[in-house]
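Chemist: So the chains spell out like this:
Number of protein chains: 2
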Amino acid sequence: MRDVAIIGIGQTPVREHWDEGLRHLALKALQAAMKDAGVDRVDALYVGNMLSGELTGQEHLGALVADFAGLRGVEAVKVEAACGSGAAALRLGYVAVAGGLADVVLVVGVEKMTDATGPEATAALAMAADADHEVAHGLSFVAINALLMRRYMHEFGYRKEDFAPFTVNAHANGMNNPYAMFHTKVTPEAYARARMIADPINLLDSSPIADGAAAVVLAPADWARRMGRPVVRIAASAIATDTVALHDRRDPLVLEGAALSAWRAYQQAGVRPEDVDLFELHDAFSIMAALSLEAAGFARRGEGVRLALDGEITLQGRIPIATMGGLKARGHPVGATGVYQVVEVVQQLRGEAGANQVPDARVGMAQNIGGSGATVITHILIRDS
Amino acid sequence: MRDVAIIGIGQTPVREHWDEGLRHLALKALQAAMKDAGVDRVDALYVGNMLSGELTGQEHLGALVADFAGLRGVEAVKVEAACGSGAAALRLGYVAVAGGLADVVLVVGVEKMTDATGPEATAALAMAADADHEVAHGLSFVAINALLMRRYMHEFGYRKEDFAPFTVNAHANGMNNPYAMFHTKVTPEAYARARMIADPINLLDSSPIADGAAAVVLAPADWARRMGRPVVRIAASAIATDTVALHDRRDPLVLEGAALSAWRAYQQAGVRPEDVDLFELHDAFSIMAALSLEAAGFARRGEGVRLALDGEITLQGRIPIATMGGLKARGHPVGATGVYQVVEVVQQLRGEAGANQVPDARVGMAQNIGGSGATVITHILIRDS
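Chains as they are written, first to last, in our numbering: chain A, 21 to 405; chain B, 21 to 405.
These aren't lab readings, by the way, just hints derived from the structure by calculation.
Small disclaimer: the values here were computed from a predicted structure and weren't measured.
Certain hints may be false.
For chains that are exact copies, the list does not tell them apart, and a pair is met inside one copy or across any two.
Think about it this way: if two alpha-carbon atoms lie no more than 25 Å apart in a straight line, the pair counts; the simulated SDA-like pairs of lysine to any residue are [unchecked claim]: (1) K55 with P250; (2) K48 with A156; (3) K48 with A265; (4) K180 with T142; (5) K48 with D63.
Extracted from the complex, chain A is given alone in its bound form:
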């Protein structure tokens, strides 16, 4: 097995791109990544996407994006793992380069959600849950997360307003990210006043439906070392699964898939939670941020919210999260999100995160989640010193 590096990154702003289709968004992100990498050809293209069929009537994105990008002929497929599709595509790209079956691999995450109506998008997102045993009973994704959040509050004695720091932090960080969807500060008071969506989840607990694309170029680390700039190595790439249906979990408040995925990643990279300088986690809802912090070993069971209340998740804290805005403020174009997270970790490790730079960041972790924790993909990136 070879060491694999990320030699190029690219992203479009996350927002409602009414004037651009899937292929156009993908093209912009991948062209930026290829330019950043200094390559004009690749051996394979993996496209992460969840909803192109349901929301835009287009499957077959591998060939579609390859052709539109002038890469006709190249190996290309689409990878799907619900909202974890982007990082799942990255994992497969990593496997190809690490195993020596490809040298230069392009990974693109892309999603186009805002041409659909809200109810259409909500129904489409529910396809990440169990169609027969959850969705058939009327559960949407926000409803599933509301059940989790209510149970968490009951079990550990938190109040609704205790979750405010996740949103306040994400929006504060999004202010300085030109690619973020929202550039609006959120105060604890605004959080408390926000419109309720599915009690106890309010509008400011929820990441927004959005359009966007992000891309990375992978190559053997040896190549990267010859490029004369900081080498960001994929020190770990791990996928773990859990039950799709929430009611099948041993304990709904323990994301076992996330714990297993993080554990595998720590083993591969040879690091522990305390070595991680920043953590781009899957804050699709505030409760997911809390549960992810616990599953990955940054807080004990029931103490994820406490960590946030103590200010430890900010850029100055013990474990900065959502450093460029996270799903909440950068936006959550679902199949692209996992690639955005990794792009942002690379920005941090290269020292290109501007006002949001985590000082001397060397070890960054990204965790992308499909469904309510059914597929969890963890990447640990390390900057060679």
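Starting from the structure of chain A, add chain B where the hints point.
Modeler: Chain B only, in chain A's frame:
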């Protein structure tokens, strides 16, 4: 890179499985494959599927199938490349084992199409074409193939009835395959009388919409050699792409993606077309069989139909195709088809093809196509002598 073998195969009958969902079909196929391989755990699961979201409201099949199969926790994703999804999933499984990132990988192709109405299925299948530049103008998949077939007849001077041997051969072979959807002989006269669907494509040129699942277990060839039965090695695994839209091709009658995919496979395996003992090709429509034979080097341009008329595609011919019925008679549950093809090649190479056995088959090729030739996946399997 390590040699990779297929150590287990499994399949469900192809038909209208109204009493079984996606997860049940996938389970039956993968349990059969794991039993055949003699393994009770795997390192990763790749699920090939195209239409589960659109037709059954369920995405996230990687985690869903893993959980239902008792493999909770395992790495699992869905791979999509239109009707080439099954073989694309196999390609990614091959990459993982060949590169040494996994030892035992399970690949399942599954599709459930018959709960939908015909028009729903037709619209869903059209998502393999270009939504903006083909489907928006009213082109369905059968219409695209009708354009190709009409042009082929015009260009090379064939009559409609000259295509009959493809269907006659497929149905004759399907008679002896218990997993095939159709067990009905077709005569040239019946072909000539068949109901027209999209002139010149009639009902007997068209593979049927169907439900089904097929699975294979991959492992390093060294492991397989210790199992004490014929070792079937994946000597080549290659994906190539072409334009999604037909009108962008240099020559619509040349499947450049198929030619490139086959060429890459021949290079990897170190074989030539004349070394291939049987060819499971993508006969979704008769015209695709003809074009595939030409692209893979078994006939010159315009002579694929001639090869069939000369009887060279039968079990006794120079290059037997659709030896277990092909897409036409075995059936075409789209995301599963590529895995069915490979399962059938393994049956032939193991000498387990019963009445349809190609004598002393040692080199078998399978080619799975997404769209009208936009993604083409070719596998060459070789039985160690």
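Chemist: Decide, hint by hint, whether the structure agrees.
Modeler: Hints, one by one, checked against the model:
For the homomeric pair K55 and P250, the shortest alpha-carbon distance inside one copy (16 Å) is at most 25 Å, but the shortest distance between copies (49 Å) is not. Taking the shortest alpha-carbon separations for K48 and A156, only the inter-copy value of 24 Å comes in at or below 25 Å, while the best intra-copy value is 38 Å. For a Cα distance limit of 25 Å, the shortest separation of K48 from A265 across copies, 21 Å, qualifies, whereas the shortest one inside one copy, 36 Å, does not. When the C-alpha separation of K180 and T142 is checked against a cutoff of 25 Å, the pair qualifies only within one copy, where the shortest distance is 24 Å, while the shortest distance between copies is 48 Å.
For a Cα distance limit of 25 Å, the shortest separation of K48 from D63 inside one copy, 19 Å, qualifies, whereas the shortest one across copies, 35 Å, does not.
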